[in-house]
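The residues making up each chain are set out below.
Number of protein chains: 2
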Amino acid sequence: MRLKCLYRIFYRKTWKSSECNRIEQEVYMHESNSRLTEIARRLRQLILACTTEAGSGHPTSSLSAVELMAALMFGADTKGSPFFRFDPDTPNYPNNDRLIFSKGHASPLFYALWAMAGKLSERELLTYRKMNSPLEGHPTRRFAYTEAATGSLGQGLGVGLGMALNAKYLDKLPYRTFVLLGDSEMSEGAQWEAVQIAARYGLGGLIGIMDVNRLGQCGETMFGHDIEAHARRIEAFGWRTVLVEDGHDFKQVLTGLEQALVVGDGPVMLIARTLKGKGVALAEDKNGWHGKPLSQEQAQEALEQLGEATSGITASLTAPENLVPEKIHVGKLSEPAYEPGEQVASREAYGRALSRLGAVHPEMVVLDAEVSNSTKAELFKKEFPERFFEMFVAEQNMVSTALGLSIRGKLVFVSSFAAFLVRAYDQVRMARYSDANLKFCGSHAGVSIGEDGPSQMGLEDIAFFRTILDCVVLYPSDAVSTERLVEAAAAHHGMVYLRTTRGKTTLLYDVNERFPLGGCKILREDSADRATLVAAGITVHEALAAAEILAKQGTSVRVM
Amino acid sequence: MRLKCLYRIFYRKTWKSSECNRIEQEVYMHESNSRLTEIARRLRQLILACTTEAGSGHPTSSLSAVELMAALMFGADTKGSPFFRFDPDTPNYPNNDRLIFSKGHASPLFYALWAMAGKLSERELLTYRKMNSPLEGHPTRRFAYTEAATGSLGQGLGVGLGMALNAKYLDKLPYRTFVLLGDSEMSEGAQWEAVQIAARYGLGGLIGIMDVNRLGQCGETMFGHDIEAHARRIEAFGWRTVLVEDGHDFKQVLTGLEQALVVGDGPVMLIARTLKGKGVALAEDKNGWHGKPLSQEQAQEALEQLGEATSGITASLTAPENLVPEKIHVGKLSEPAYEPGEQVASREAYGRALSRLGAVHPEMVVLDAEVSNSTKAELFKKEFPERFFEMFVAEQNMVSTALGLSIRGKLVFVSSFAAFLVRAYDQVRMARYSDANLKFCGSHAGVSIGEDGPSQMGLEDIAFFRTILDCVVLYPSDAVSTERLVEAAAAHHGMVYLRTTRGKTTLLYDVNERFPLGGCKILREDSADRATLVAAGITVHEALAAAEILAKQGTSVRVM
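Top to bottom, those sequences are chains A and B. Positions 44 to 603 (this note's numbering) are the ones given, in order, by the first sequence. Positions 44 to 603 (this note's numbering) are the ones given, in order, by the second sequence.
Treat the hints with care, as some may be off.
Treat identical chains as interchangeable: a pair holds within one or across any two.
What the hints assert, rightly or not - List of simulated lysine-lysine pairs, DSSO-like, C-alpha gap at most 27 Å:
| id | residue 1 | residue 2 |
| --- | --- | --- |
| 1 | 215 | 595 |
| 2 | 375 | 215 |
| 3 | 547 | 425 |
| 4 | 173 | 547 |
| 5 | 335 | 547 |
| 6 | 173 | 370 |
| 7 | 173 | 294 |
| 8 | 564 | 162 |
| 9 | 122 | 425 |
| 10 | 425 | 211 |
Hints were generated in silico from the structure; no laboratory data involved.
Start from the sequences and build out the full structure, keeping to the hints where you can.
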């Protein structure tokens, strides 16, 4: 900056303004690059220190993205505006830009960046991968700056999509969502689901940064260093791309980021050619170094090669403008309306409950995978089209998007056929590690759907959701219990799965009956009962019919 | 053909040969088109008849693909060579072309085609969707001409990929694999996994036929009738595409198929613009007709509009050339070699067992999702590189590809981290409905992997595979039991899941110990036992340690 001032004082008046600006800019860039180079050196030191101390982790996958992430978090455009706007004291601040490490194994870099930003001490960083440290091997929400737990590849972009959807359509805030992607993980189909849906919704606030370091876990990726091949695929899906030939050259990276951040009406992917293990000679661009830390001796040698970093170097973040998220006015919760003995499918009751709840929960959002006329999520869509998002036939991305919305404070209901929700098992599992507040509804559960056959029957869904820690699994037997349990699901913070039936069933309960989570009901009892039939959902009706037959045969049984 | 002969007799000698050929060809095409038009009319009648009789099903999604499938199965190129070569009396004949309905809900068309080919009577066709009929709502292997069960969208291409991989690299036969795809299902990420892997392996024998009927279940698809948008995406992934502007015009469809079948070194996608419900005025190109049969009255009206079909029209298929699949010479099964008390990880034993078995099972194939150095499938790869296929980080397609290989008679072992295999839940579930002979191995199971964190831990995998009907779930506790159980898995026809551990464990068994499927072992017992510790896999070692501690405290416990 000193140099810049000198130029200004001595030459400004005699030179043409444009020439002066150009030189000022160059000087600024030069200074900025030197500062970033120092930051990069320090980041590399921290990455090596924490992984060698832990004796495990992924230093090489972290080293390839050092310049990309340093430039993003601590760099600025040619006008001096920082790329990344974040209030480091308030990670959950609605105006903060979001940064997701989809390649979660680059966690050493992730933590090192937050150490540079002053939010972790070196001592804390060295607890990496140790018992009780929030700095887990792959980021989880135990660390306050983790937007979403990652580590199962190919999920971060979908989560980012949810956050960008929130920015554009719900909170209506100008924050940007950045997602660091690995080249290996671009082979996951879920990525392409996210890529297509982000284009569909014109998410100009979503910026992917692809770290094309060529090497996967056990060999070269499908496209190696061919960044054009990556670009062709992504452009064909409707994204703008920006290519960076050398992802370790700050000048190129800064220019690339500036181009990527030109606000447009669609998402942008910055694709950078990098070297895995960059800066550590014995591992740089070499196969066989995935997920391997350096030994103490190797790390010592590598640190000597890197050279001394300016002591005590830190970098600061700039807070974004304080804008207020869009508010929606709240109405009054209406009561479910049913006639005694009415025949209503529980999926219909699910849709009705969503519509009732939508009026009192302005933060409520509903996603469906192109079957909303079957799941009956369409009843919410008709009432609140601005809070319903069609996710098309792409269940995995639907769940990741829901997670992104949920992390941004939305109450998200996600529906599809129970049979097809299982497709997003890995995404549901990972959502749990992000402590998500997500509600799932699987329709057409069980064999009662009949002639459509096993491919459409949700038979595994209860077991599936029961494996998810703390997930509440609900299987209502009639329309009233469904409506009340959807209310209970909305009120419960955490993950809930509700299973609905395709066919109509007779009402079993009065609308004033209460349904606390975790309870059960005795529907038929007598002191002469000789057995208890335990049933749930549609089988309750079968159990009642069986009890009736048994009663006629002189055997009294209880139905729970 | 009569007309063609007349031309030949009267004009052949006076006209130029090329002109003569052109006219002959036109006449031939004209006759072929008339015949196909009649076949198409009959197919439409059958589609309406069976769905209206069933009172459910997807007539409109079937009607859009009538010309595409009639031309494929019963049409020929301009030289008169049939596109589809199939011996209808031997569905499993290795030289048959394969046809998979990835859009399984178009089953009425699928069955109608086989009725036309003389393999179903009209009476049998009318059992569609009825109890005990092999003609299920979505095709399963209960019907002999179903290549693979479909109905969960976005899986057929991956299955076809497996069959095409078999044709090119294993059986080395020239059969082609055709996959009928819906436009809606192109939003499933698994499709793009298959698209990229098919390009990677240069599968010229794989031909996708995309029925772009514009409408999904509850609205327009992402790209509507924009077939160029579909083509851009697929070409960017390395496929050749052939566009058909009107998928109901036989001339265009036949030309398109001829172009698609020019043998190249990569897969081809024929993309045709069609109308959902084509030929039935009240439903044609209209939203709201997905999965809805016509009423008796509507069907009557539609049949009148279609007009009479030539009575008793049938179509025959041409059998392919009788070529012999490639044979691999068989060696001798070696014995596992371990020293008593040795420390070996069960994942290592899995890899060793694969290598031993590969020598005696020429039909054995191993797939892995870019983690073969972790799962140790790499030991097989080193021994038999021609029977190992890298599936990259794309688990869903890996399972569908394995299914395709398995249906073509291969013994397929599929491995990844247990945590990431769950990503292919829906594909595993569907493989079961194809009666697949598939062996899965999930490595890095349980919390014992430690510092990598929950994203990498297989915690749900036992529950997952236990929901799959008849699936055998194995969790060996040491290297010997692992090797023997891999042998047992290979010998067992059906689905098997084997769970392995990352860390080394001590050998518990002698190499001559036997491990029948379904058994268990008592590792420590005494008449003074006061309790039994039941454990599996790595927890057996913990249980033995606990028993040791308890014994020192004077309490004897059994370990099972």
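Of the numbered hints stated previously, which ones are contradicted by the structure, given in increasing order? 1, 6, 7, 8 and 9
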